[in-house]
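Colleague: Next come the chains, spelled out residue by residue.
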Amino acid sequence: MTASHPLPRRRVLSGLVAAMVALPLALGACSSEDKPAADGKVELSFFWWGGEARAQITEQALALYTSKHPNVTFKKTWQANQGYFDKLATLTAGNDAPDIFQIDDNFLAEYATRNVTADLAEYSKSGKIDTSKFPKGLIEYGTVDGKLAGLAFGENTQGLVYNKTKLEAAGVALPTTGQSWEDHIAWAKDAAAKTKVAGTMDPSADYKAFWVWLRQQGKELYNGKELGFTQADVQAWFELWKGARDAKATPTPDVIHEGNATDVTKQLVVTGKALTSWVWANQLPELQKNTKDQLGVIAYPGDASKQWPRASMYFSVYRGSKNKDVAADVLNFLANDPEAGKILGTDRGLPSNTDIRTQVAASTDNASMKETIKVTGELAKNFGPAPTVPPKGHSTVRSELIKAAEEAQYGRATPAQAAEQFFAASQAAISR
Amino acid sequence: MTLQRLARPLTLVLLSAVVLYPLVWMLGSSFKSQEEVLNNMSVLPNVWTPGNYLDGWNNFDVSFGRFFVNSALVAGLTVVANCVSCLLAAYAFARLKFKLRGFWFAIMIGTLLLPGHVLIVPQFVMFKTFGWVGGDWPYAPLIVPQLLATEAFFVFLMVQFMRGVPRELDEAATIDGCTPYGVFRHVILPLSRPALVSTAIFSFIWTWNDFFRQLVYLSDLEKYTAPVALTLFIDSSGQSSVGPMFAMSVLSLAPVFLFFVAFQRMLVEGINTSGLKG
Amino acid sequence: MSPVATTTARHTPTVPPAGSAAHQRRDRPARHRSESKAGYVFLTPWLLGLVTITAVPMLMSLYLSFTNYDVLSDWESMEWVGLDNYRTMFTEDPSFWHAVKTTLVFALVATPLKLAAALGVAVLLNKGFKAAGLFRGLFYLPSLLGGSVALAIVWVNMFNRDGAFNSFLSWFGIEGKAWVNDPDFALGTLILLAVWQFGAPMVIFLAGLKQVPNELYEAASVDGASPVRKFISITLPMLSPVIFFNLVLETINGFQGFTSAFVLSNGTGGPVDSTLMYTLHLYIKGWNEYQMGYASAMAWVFLLAIGLVTAVVFRTGKFWVHYSDGED
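Residue numbers (this note's numbering), protein chains in the order written: chain H, 620 to 1051; chain W, 32 to 309; chain L, 71 to 398.
Excised from the complex, chain H in its bound form (with noise of 0.2 Å):
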């Protein structure tokens, strides 16, 4: 194919697979159109991904909403997150996408600004859901372009938790909110000494660390659609976790590589391989799960109000969904019944109705949950402005994060190289 004569050829070409690709589409839609029936019934589709509690939880919650409105039924579908968006991705290009989906910030800009969501900002006005009691700021953490394409369903912040039975143990003073960065590797050099553990897990590798860092150097992860810093912030960001390598305040780059991995059962904190993770802070009764010693959870060092208010997840409607207002309707049934928020508790994050959220607190009987409420609650008193949602593009500066850092840990690269790598990885990412 040469580029001599691209018209023709292309024309017939495309022509030709346009009407092979336009014609499943057409079959499709006419097999597939559920029209509101006369008498009203309607059937949602609603995917999430989670783990058995959390399905059975939303069954249950869903099942209260099918009480009080007969004529609404769902079709459920829950998957653990592997595969779950490869399913929900070739589900949307089969244009059979679920009315209601889970959905996270990672994916919320791919799937908003490709217009599959719909936007649930009208609704918002005119009060069909209730979003008064939600923190401001989590409603613009789900604003792409001007458009609310999720309505944030829990909220949590980064945490670093900390092995206190180890650290009691061997009588180091357990690490507190506030510490500078310096600070907190100074102490894990030192905790490290007394424990013969790894005091502290290198986060270089790890963007919500790099994004709460950057912030208090005043810079951002991301302005809109560019990205929010320098390659000299990236820099001084590896030298700092080189000088905390070099020093053993942390694992080995074996150890880390394992821990540079987004699993619960996988941080180091769990396995016993250093005294903190970096997470967020919502994860901490799971993690606790899975271990006998008593953990801990605090914010990340430096200026602690340049944390924000994160959506742990969001729903969305999907655009081509034939019952919007329905779905809507389900949303803030779930987020702001009472009856519903207490069959949900804190599964997804910390309710996003405050209400609520005061009213789960007080219910729960969960040690390290009622830890977990306490110190967002605290931390959410300084909060500064959210930032946007990360811009499509956003999964791959995460990998390339990963990799840049972990090129530095193996030392297999500078800090200065693997910056100078990562940036332009990540514009090259962002830009497209």
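Because the hints were derived from the structure by calculation, they are not lab data.
Predicted model only: the values in this text are computed from it and were never measured.
The beta-carbon is built from N, C-alpha and C at its ideal position, and this holds for glycine as well.
Fair warning: there could be bad hints in the mix.
Here are some chain W residues pointing at chain L (derived, C-beta under 8 Å) [claimed, not checked]:
| # | residue |
| --- | --- |
| 1 | L43 |
| 2 | L119 |
| 3 | K128 |
| 4 | L179 |
| 5 | A180 |
| 6 | V196 |
| 7 | P225 |
| 8 | F277 |
| 9 | V287 |
Below, computed lysine to aspartate or glutamate pairings styled on DMTMM-like, alpha-carbon distance capped at 25 Å [what the hints assert, rightly or not]:
| # | chain 1 | residue 1 | chain 2 | residue 2 |
| --- | --- | --- | --- | --- |
| 10 | H | K695 | W | D241 |
| 11 | H | K885 | W | E66 |
| 12 | H | K815 | L | D232 |
| 13 | H | K815 | L | E245 |
Between beta-carbon pairs, the in silico distance windows are [unchecked claim]:
| # | chain 1 | residue 1 | chain 2 | residue 2 | range |
| --- | --- | --- | --- | --- | --- |
| 14 | L | V383 | W | P221 | 29 to 39 Å |
| 15 | L | P182 | W | S94 | 41 to 51 Å |
| 16 | W | S94 | H | D944 | 29 to 39 Å |
| 17 | H | A812 | L | P182 | 44 to 54 Å |
Knowing the structure of chain H, use the given hints to seat chains W and L on it.
Modeller: Just chains W and L now, kept in the frame of chain H:
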């Protein structure tokens, strides 16, 4: 002489110890508590937790047995479909002379070469057009293609085996008045047992382990198959039940292992070509 | 003379020069027309499947490789980009060449090792003895695990710093590494995993060995041939169609090697891209970054490259594969 006689069993025992160690480790881990799986690397658990099996079996609204039944259904139908459809195509390629045979054979090999991940979306769109997606019996996209010999691997496998069958047998049959259909029925079919058994074994096991396609097409918990259900134990961002996952993984090995042991005997007995004379 | 005896005559331990058997049977009578018809009758299901199920998605992916298709957007907003995806691949994507290299190393090392293991064990197990069936099953067990979640956890724990492999090394006073987490060795553990799952080609070899007529070995024994001699002069040539099959398939599998790299690295290809196979890179582009047009282009380049390799293997097959049907 004794040394020589001992060499084979010794090698086999040593080799199987090495090969099986990871599996024994897995078996051991299926009896460990969640916390132990993450921290204790030895084969045996410190505290035996047989409860993993019960928990895993009853972990979901639907009992795990249901997932096994679904998997067995899909795998069983796939085995039958592959054996029949691929055998027909293989006979044509291996034994019959027809126009464009080389061309079609090359195309068939070609269909093996394209990485499957770029076919998922087009296939989904296509099956949706056919009206096969969803509904009360969502397994059609997993089984109907097998009825049409789309699994080129097995066609190629059977072609290679058939080409190992002496042509003289066909010719003897032809001289006796057999048409190509008769040759197929009386010569090739009975002699294809090793190829058929291999095909059955592989079809069964691959389908039993297949994840991506089953993930995409099955959306109702009651219709999930074992590999899809196994991933439900581990939600890496939150709740993970590693112990029960290991327990169910061990259990899901059992049917395939039994299937293999039952059928491998047929491989071993071999075929007695001389018995077919006349 | 029974048909088998005929075969025996043609494949005496001293294998006839390749091709000589073929020439004897080129002059078959004019049954061609009915045979041609029968050919298409038997081929019908496959042809139907090709047209209705296989071809459409393949051609669609070929078309998509010239577009910027991104999975999520409306199909209407997809744009034709000509050869851009192909150009980017060869000139602007450093990970592409890295993935090519990783895949080549994996396929060229893992495939021969796996086949050798499979053939070796198959020959050991071929002789009928009491426990043979049990051993066959046991050696096949690893393959049954496929690419499950459990497998990933098991393998990581075998080759981690405190894993079984290092305990083994410590008997010899060697201090091991965290092999799975080391960019220099992670690919090695993947290769070992591939070799460990040698069960599938082993089963095919076993089935093939059963097709070798015993009379050949008996005749050779009478001539006083040693076991090694019998293996080289009888087993290998008689098994060559099956060896050929396994070689083609395992080569394709080796190059496609996705599952184990995916589960062991959590879908990242890490540490530091050391296990970033071609197909994994393709998957990340298509499904994590939603550049399905680009991924499709990668898939078609892959098809062409592997098609070429396969064609070469088929060509060389003419020199060493002996079919009992007299064709080559």
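Colleague: Is the shortest C-beta separation between W:A180 and chain L less than 8 Å?
Modeller: holds, 4 Å
Colleague: For H:A812 and L:P182, compare the CB-CB distance with the range 44 to 54 Å and indicate the outcome.
Modeller: holds, 49 Å
Colleague: Less than 8 Å between beta-carbons is the criterion; does W:P225 satisfy it with respect to chain L?
Modeller: holds, 4 Å
Colleague: Does W:L43 hold up as a contact with chain L if the rule is Cβ-Cβ below 8 Å?
Modeller: Hint on W:L43: holds, closest Cβ of chain L at ~6 Å, below 8 Å.
Colleague: Checking hints one by one. Is W:L179 an interface residue toward chain L, by the C-beta closer than 8 Å rule?
Modeller: holds, 3 Å
Colleague: Against the 25 Å threshold, does the CA-CA distance of H:K885 and W:E66 hold or violate the hint?
Modeller: Satisfied, since the Cα-Cα distance of roughly 11 Å is no more than 25 Å.
Colleague: Next item in the hint list is W:K128. Is there a CB on chain L closer than 8 Å to its CB?
Modeller: At 5 Å from the nearest chain L Cβ, W:K128 passes the 8 Å test, so the hint holds.
Colleague: Hint validation: W:V196 versus chain L, beta carbon distance must be below 8 Å. Holds or violated?
Modeller: holds, 6 Å
Colleague: Given a hint of 41 to 51 Å, does the C-beta separation of L:P182 and W:S94 actually sit inside it?
Modeller: Because 45 Å falls inside the window, the suggested range holds.
Colleague: Should the interface hint for W:L119 be scored as holding, given a Cβ-Cβ cut-off of 8 Å against chain L?
Modeller: Holds. Min distance 5 Å.
Colleague: Holds or violated: the hint that W:F277 contacts chain L, with Cβ atoms closer than 8 Å.
Modeller: Holds - the Cβ of W:F277 comes within 8 Å of chain L, reaching about 6 Å at its closest.
Colleague: Given W:V287 as an interface hint, is its Cβ closer than 8 Å to any Cβ of chain L?
Modeller: holds, 5 Å
In the structure shown, no violation is registered for any of the earlier numbered hints.
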